[in-house]
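If you want the building blocks of each chain, they are given just below.
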Amino acid sequence: MYYLKLIWTFFRIGILNEMAYRVNFYVQLLQSLLNLGTAIAGLAIVFSHTDTLGGWQAVDILALLGVFMFVGGVIGMVINPSMSQLMDDVLRGLFDYTLTKPCDAQFLASISQIRIWRLTDILLGAGVLIAALIYRGLDIGPREALAFAFVLCTGGSIIYSFWLMLATLTFWFLRIENILHIFQSMYEAGRWPIGIYPHWLRYILTFLVPVAFAITVPAEALSGRLTPESMVTSSLLCAILIAFSRWFWKRGLKNYSGASA
Amino acid sequence: MKHYTATYWAFFKTSLLEQFQYRVAMAIWMIGRILEPIIYLTVWTTVAHARGGSVGSYSPADFAAYYIVLMLVNQFTFSWIMHTYDFRIRQGELSNFLLKPIHPIHADIAENIAYKVMTAVIIFPTAILLYFLFEPNLAFHIQTFAVFLLALGIAFLMRFFIEWTLALVAFWTTRNEAINQMYFTLGLFLSGRIAPIDLLPGAIQTLADALPFRWAIAFPVELMLGRLSQEQILNGFTMQAVWLLAGFLLIQLTWRSGVKKYSAVGS
Numbered sequence: 000m001y002y003l004k005l006i007w008t009f010f011r012i013g014i015l016n017e018m019a020y021r022v023n024f025y026v027q028l029l030q031s032l033l034n035l036g037t038a039i040a041g042l043a044i045v046f047s048h049t050d051t052l053g054g055w056q057a058v059d060i061l062a063l064l065g066v067f068m069f070v071g072g073v074i075g076m077v078i079n080p081s082m083s084q085l086m087d088d089v090l091r092g093l094f095d096y097t098l099t100k101p102c103d104a105q106f107l108a109s110i111s112q113i114r115i116w117r118l119t120d121i122l123l124g125a126g127v128l129i130a131a132l133i134y135r136g137l138d139i140g141p142r143e144a145l146a147f148a149f150v151l152c153t154g155g156s157i158i159y160s161f162w163l164m165l166a167t168l169t170f171w172f173l174r175i176e177n178i179l180h181i182f183q184s185m186y187e188a189g190r191w192p193i194g195i196y197p198h199w200l201r202y203i204l205t206f207l208v209p210v211a212f213a214i215t216v217p218a219e220a221l222s223g224r225l226t227p228e229s230m231v232t233s234s235l236l237c238a239i240l241i242a243f244s245r246w247f248w249k250r251g252l253k254n255y256s257g258a259s260a
Numbered sequence: 000m001k002h003y004t005a006t007y008w009a010f011f012k013t014s015l016l017e018q019f020q021y022r023v024a025m026a027i028w029m030i031g032r033i034l035e036p037i038i039y040l041t042v043w044t045t046v047a048h049a050r051g052g053s054v055g056s057y058s059p060a061d062f063a064a065y066y067i068v069l070m071l072v073n074q075f076t077f078s079w080i081m082h083t084y085d086f087r088i089r090q091g092e093l094s095n096f097l098l099k100p101i102h103p104i105h106a107d108i109a110e111n112i113a114y115k116v117m118t119a120v121i122i123f124p125t126a127i128l129l130y131f132l133f134e135p136n137l138a139f140h141i142q143t144f145a146v147f148l149l150a151l152g153i154a155f156l157m158r159f160f161i162e163w164t165l166a167l168v169a170f171w172t173t174r175n176e177a178i179n180q181m182y183f184t185l186g187l188f189l190s191g192r193i194a195p196i197d198l199l200p201g202a203i204q205t206l207a208d209a210l211p212f213r214w215a216i217a218f219p220v221e222l223m224l225g226r227l228s229q230e231q232i233l234n235g236f237t238m239q240a241v242w243l244l245a246g247f248l249l250i251q252l253t254w255r256s257g258v259k260k261y262s263a264v265g266s
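Residue numbers (numbering that gives the first Met the number 0), protein chains in the order written: chain L, 0 to 260; chain P, 0 to 266.
Bear in mind the hints are in silico, worked out from the structure with no lab data behind them.
Glycine is no exception: its CB is placed at the ideal position from the N, C-alpha and C atoms.
Be careful, since some hints might not be right.
[Said to hold, decoys possible] Restraint ranges, calculated between C-beta atoms of paired labels, are given here:
1. P/F96 / L/I239: 49 to 57 Å
2. P/A5 / L/W171: 38 to 46 Å
3. P/G31 / L/I239: 40 to 48 Å
4. L/I129 / P/D208: 53 to 61 Å
5. P/F96 / L/G223: 57 to 65 Å
[Stated by the list, open to error] Not the full set, but computed from the structure, chain P residues with beta-carbon under 8 Å of chain L:
6. L16
7. W28
8. E35
9. L128
10. L129
11. A177
12. I178
13. T184
14. L187
15. G201
[What the hints assert, rightly or not] Covered by chain L, per the in silico footprint, the following chain P stretches (three or more residues, Cβ under 8 Å):
16. 19 to 27
17. 36 to 47
Please construct the entire structure, taking both the sequences and the accompanying hints into account.
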């Protein structure tokens, strides 16, 4: 309950901060719409030459695109800005202030920055997803919906833990803000089903930069092609990464000496 | 002329030394430019297989050749100037450039070339690796290659002039992300990155003919692959010349009125 209240507080601060720059909202909205338009036009071009792509129908890829935008929006709204802030704070010694607060430092660091205008991507992504489902005639039952929600949560946690581990490296190597860019670049590959990629790239996108679990696997759940194996792998990897990133974070904290103190 | 050579060499050397400090960051920022052609290569190869072997006149091996060459052409012709100019103007950093007795575009061109030389040690091995992974249908003819190099050189300058002009929009507005993104989006479709131009719908092909994007990227690529007739090659060079000249004139225009607006914020 205490944690929920904190999240709400940071969210409110995010709103207050951004209210001063309302034009940003229109810029962000324009960018989100452009992204969506580009993606749909790209889909249209590809599907003007074929009916299926690696076994996926156009409408399934549209649903995948919805998940891609939704997860990308969550990353852009909270995870990326908070982790960048963490790296900056550690570099400049401002992280002291986070440590002295009577709350878990990992939690605080993870929600410290909220860019609320990225909500446009989250809402548009959800909209595209729902539109794709309606177009298919709402043919998903409660089992698929539940499975989708479950693997979306595990996939999201995998992404978060992965991102946290990258950011934690900052305790040892101060200047590594570019490392976050690796993920941003690789994320682009997620707008198509991972299954179409060659083996080596599929491997990278599944285990080295786990985009597959956050986008393809949830989209598979919606189109009824989720295998029990990928559901189990997703949950296992989620549990392992959450535990490992927590341990890694604590190791990193011990290394922090406070640049300003 | 001798004066220019010496200046360029000086700019080139300082840029090289400067950028060497950021070598890891540079490699990381290249991932996206390497990954994008691989993504679309895979998508189109999958489509080709689903259709029993080819899409239009492209077989999977043709797509592989197309996208590997496209990766190289894009790497050698792209610039990042549109993303840095507003910073330069907002921070008043441009003042330093104005003090020098030479047009500031020269320093930017030299810096860009230094970057390309430095990143060649990444992009060429990557291209070779992709060659073995995707087995492209790519024949090498020395004459074609010579003509390709000419087209590539013009494409570089033409793209640089146009992007430099667009960067100057920062004199009038501090929000050029929206403009940048529109330019980027148009380029994605019209320069042949999402799909070879032949595979696009007719209306988009007509648009691609009229705008510069196609002539900066798709044209050199198709030239290298030997997909163009003599007539098409001549037409391509004509369009390149037109856009090179247009870019040159646009720079003269925008630069002069832009500098008048510049008030050196921050210094």
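So, going through the hints one by one against the coordinates:
1. Our hint of 49 to 57 Å for P/F96 and L/I239 holds, since their Cβ atoms are close to 52 Å apart.
2. In this structure the hint that P/A5 and L/W171 lie 38 to 46 Å apart at CB holds, the actual value being about 44 Å.
3. For the hinted restraint 40 to 48 Å between P/G31 and L/I239, the CB-CB distance of approximately 29 Å leaves it violated.
4. A hinted range of 53 to 61 Å for the beta carbons of L/I129 and P/D208 is inconsistent with their spacing of about 39 Å.
5. At about 59 Å, the CB distance of P/F96 to L/G223 agrees with the hint of 57 to 65 Å.
6. With 8 Å as the threshold, the beta carbon of P/L16 stays out of range of chain L, its nearest partner Cβ sitting at about 19 Å, so the hint is violated.
7. For P/W28, the interface hint holds, since its Cβ comes within 8 Å of a Cβ in chain L; the closest pair sits about 6 Å apart.
8. A least Cβ separation of about 7 Å between P/E35 and chain L falls short of the 8 Å threshold, and the interface hint therefore holds.
9. Interface hint at P/L128: violated, since its Cβ lies 10 Å from the closest Cβ of chain L, which is beyond the 8 Å cut-off.
10. With a cut of 8 Å, the hint placing P/L129 at the interface with chain L is violated, because the nearest CB-to-CB distance is about 10 Å.
11. Look at P/A177: its Cβ gets to within about 6 Å of chain L, closer than 8 Å, so that hint holds up.
12. Annotation: interface hint on P/I178 violated; nearest CB of chain L at approximately 10 Å, more than 8 Å.
13. Residue-level restraint check for P/T184 holds (minimum Cβ-Cβ distance to chain L is 5 Å; threshold 8 Å).
14. Checking P/L187 against chain L by beta carbon gives a least distance of about 6 Å; that is within 8 Å, so the hint holds.
15. Evaluation of the P/G201 hint against chain L yields a violated restraint, the C-beta minimum of about 11 Å exceeding 8 Å.
16. Check on the stretch 19 to 27 of chain P: 3 of its residues sit with their Cβ under 8 Å from a Cβ of chain L, so the three-residue criterion for coverage holds.
17. Against chain L, the stretch 36 to 47 of chain P contributes 7 residues with a C-beta closer than 8 Å to a partner C-beta. That satisfies the three-residue criterion, and the hint holds.
Consistency note: the structure conflicts with the earlier hints numbered 3, 4, 6, 9, 10, 12 and 15.
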